[in-house]
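A.B. asks: From first to last, the protein sequence lines are chains V and F.
All residue numbers for the first sequence refer to the working numbering, where the first residue is 1 and numbers rise by one.
All residue numbers for the second sequence refer to the working numbering, where the first residue is 1 and numbers rise by one.
Derived from the structure by calculation, the hints contain no laboratory data.
Some hints could be false.
Partner residues are not named here, just some residues of chain F that face chain V (Cβ under 10 Å, in silico) [unchecked claim]:
1) L16
2) T70
3) F133
4) R152
5) I157
6) L253
Far from chain F by the CB rule (all over 10 Å, computed), these chain V residues [as the list claims (entries may be wrong)]:
7) F76
8) W106
9) T182
10) A327
Glycine included, each C-beta is placed from N, C-alpha and C at the ideal position.
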Amino acid sequence: MGEGAGPGGIAALGLPWNEIMPNPIDIAAKATPPHLANRVRGLSDRAIAWIFVSPTIFLLLAINIFPLIWTIRLSFTNYAANKPNAEVKWVGIRNYTRILTDEDIWSHMTTTAHFLIWTILLQVIIGFTLAWLINRKFKGNDLLTTLIVIPMMLSPAVVGNFWTFLYQPQIGMVNYIVEFFTGIPASSFSMLGPGGLAPWSIIIVDTWMWTPFVMLICLAGLRSIPDYIYEAAEVDRASKWRQFWTITIPMVLPFLMLAVLFRGIENFKMFDMVNLLTGGGPGSETLLTSIDLKREAFEKWRTGYSSAYAIILFVTIFGLASIYVKALNKVKER
Amino acid sequence: MSAYSVTEPSPLSKWLAAGLVVLYTIITLLPLVWIISTSFKTGPDSISYPPKVFFEPTLEGYVNLFSTRTRPAVSELESLPPPDTWYDEIARRQGTIIVGPSRFGERFLNSVIIGFGSTFLSILLGTMAAYAFSRFKVPLKDDLMFFILSTRMMPPIAVAIPIYLMYRELGLSDTHLGMILLYTGVNISLAVWLLKGFMDEIPREYEDAALIDGYTRFQAFRKVVLPQAATGIASTAIFCLIFAWNEYAFAVLLTSGNAQTAPPFIPTIIGVGGQDWPAVAAGATLFLLPVMIFTILLRKHLLRGITFGAVRK
């Protein structure tokens, strides 16, 4: 306390001064304009603002900023978390140069890029189509939208784990469905085993989970287009095809780009679903950078090295996202 | 919109669109239906080929989920007295006897404690901070959104390394408090940002009127702003709860015995002899159902929550 004299001082003594008989101070307070009154009665706005904000700031510093700084510091050392008593040496930028010249890590980056590009492409195509269909406003579209959205709200770990059951070789549901529709014998391929299908298996599950996300954002975009634009186009005898390319697509584009930004960030750091579905295997076919990072940090216990790895990933995501946001803002301005 | 509007799609195109969307809905819900139906199958039914659509439902999966069992020799099993409870009977039918409860109950309870604890804390701190950001001049306010987004760009493993070291020093590893604080730290940025959006929509005039009537700032916050923001607070709370409920990466790296939640536990369920898929499915069903229900409750605010308030409906 200590801020503001008068009533604030009384309140500091623990007296419920507001509930006692109206006193002259109260009457005066009622007569003062609000901005002045705020300053006089109780805590000042400034004090309240600080009291309200500081716990949050403290928590963000403790859980987000401080760990980041610590990671940066560790990334210049050879520290290993499983040997806390070993001598810690400064190694300069050696961790960074080793990672950036490591061919394996570049191949994991390529795996991640492959995963990223295909999931985003499929989710954008299917998500936009669904939104466009739902926007026909047929009966029951609300109910269907809610049902479609369910997969993305579920735990990726629990669902990813169950997909290993659906993907089981020979007896899995997915194999059965493929055999049923295409006649390819179910025992001739394995979704998670060797044979090159595993990267597609994780793309399928991610698309299944996150297409609704893109759909919801596209739907918001489609619903933001006012009817009169189409009415005007109709008066001008523009064909439906032309209306779609000159009105619908440009108006939905900023929304779609936002969806791509969110999906891009999320999938770049994808860990839980893929860790349970394939764990990076077979071999290193689905070894995304996040999973590789987890192996380095919590299985090989190369803490310093993996800290540098983490910083490199963070800077990559951050850099790409910043460039992308600039492009997004340009599209919005148009 | 009038019935004769040129923008109204034709009935045929509506039917076509509805048909395609229904088809997609069926395909997308199939894996979830399969989880739920597998949880009511017997072990052999769950792995039969071709997959069984029609089967005799049983609670085997649920009994196995909540119990640990042993498989005694057949002669020993026959010499036992008849089972006295329904779950004993189900276990006996599989040729096993129940020797005690499994850890699933504990893990589920941990998920509940950590989920609700971190949600409560996120909402408490988040509401206060959101009010300050919404109503007062706070330095760096405009950078907040960017800051929130950038903390979400850290891969969870990257954050887990220093948190692991920090918690080891502070004795917070594998404790409920540690996980509650961690999830609150991750959730709070989303909570503040969403709540700020909701509070920005409450007209300032209400508070000004209350201040003129002799309320203090704090009273105005409690008696005028909070009731108005109740819907927004509730939907933000459900988002925080769902995040903490579903979180896996931190849970698997930072907890093991004491404070482990259900997501890292469910994949480790192994029956007597091989992976017990009905039990895994039963665990998944119990774990996913609350979220499915909340999603239906939340549908109006869904977009706002998942896009950090970037898209409002």
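A.B. asks: Compare the structure with each hint and give your call.
C.D. replies: Hint check:
1. Given the 10 Å rule on beta carbons, the hint for L16 of chain F holds: about 8 Å separates it from the nearest Cβ of chain V.
2. At its closest, the beta carbon of T70 of chain F sits 25 Å from a beta carbon of chain V; the interface hint therefore is violated under the 10 Å criterion.
3. For F133 of chain F, the interface hint holds, since its Cβ comes within 10 Å of a Cβ in chain V; the closest pair sits about 7 Å apart.
4. For R152 of chain F, the interface hint holds, since its Cβ comes within 10 Å of a Cβ in chain V; the closest pair sits about 7 Å apart.
5. Because the closest C-beta pair between I157 of chain F and chain V is about 5 Å apart, less than 10 Å, the hint holds.
6. Interface restraint check for L253 of chain F: the shortest CB-CB distance to chain V comes to about 6 Å, inside 10 Å, so the restraint holds.
7. No beta-carbon of chain F comes within 10 Å of the beta-carbon of F76 of chain V; the shortest separation is about 14 Å.
8. Under the 10 Å C-beta cut-off, the non-interface status given to W106 of chain V relative to chain F holds; the minimum distance is some 17 Å.
9. Distance check on T182 of chain V: its Cβ is at least 15 Å (rounded) from any Cβ of chain F, clearing the 10 Å threshold; non-interface status holds.
10. A327 of chain V, annotated as away from the interface, keeps every beta carbon of chain F farther than 10 Å; the closest lies near 16 Å.
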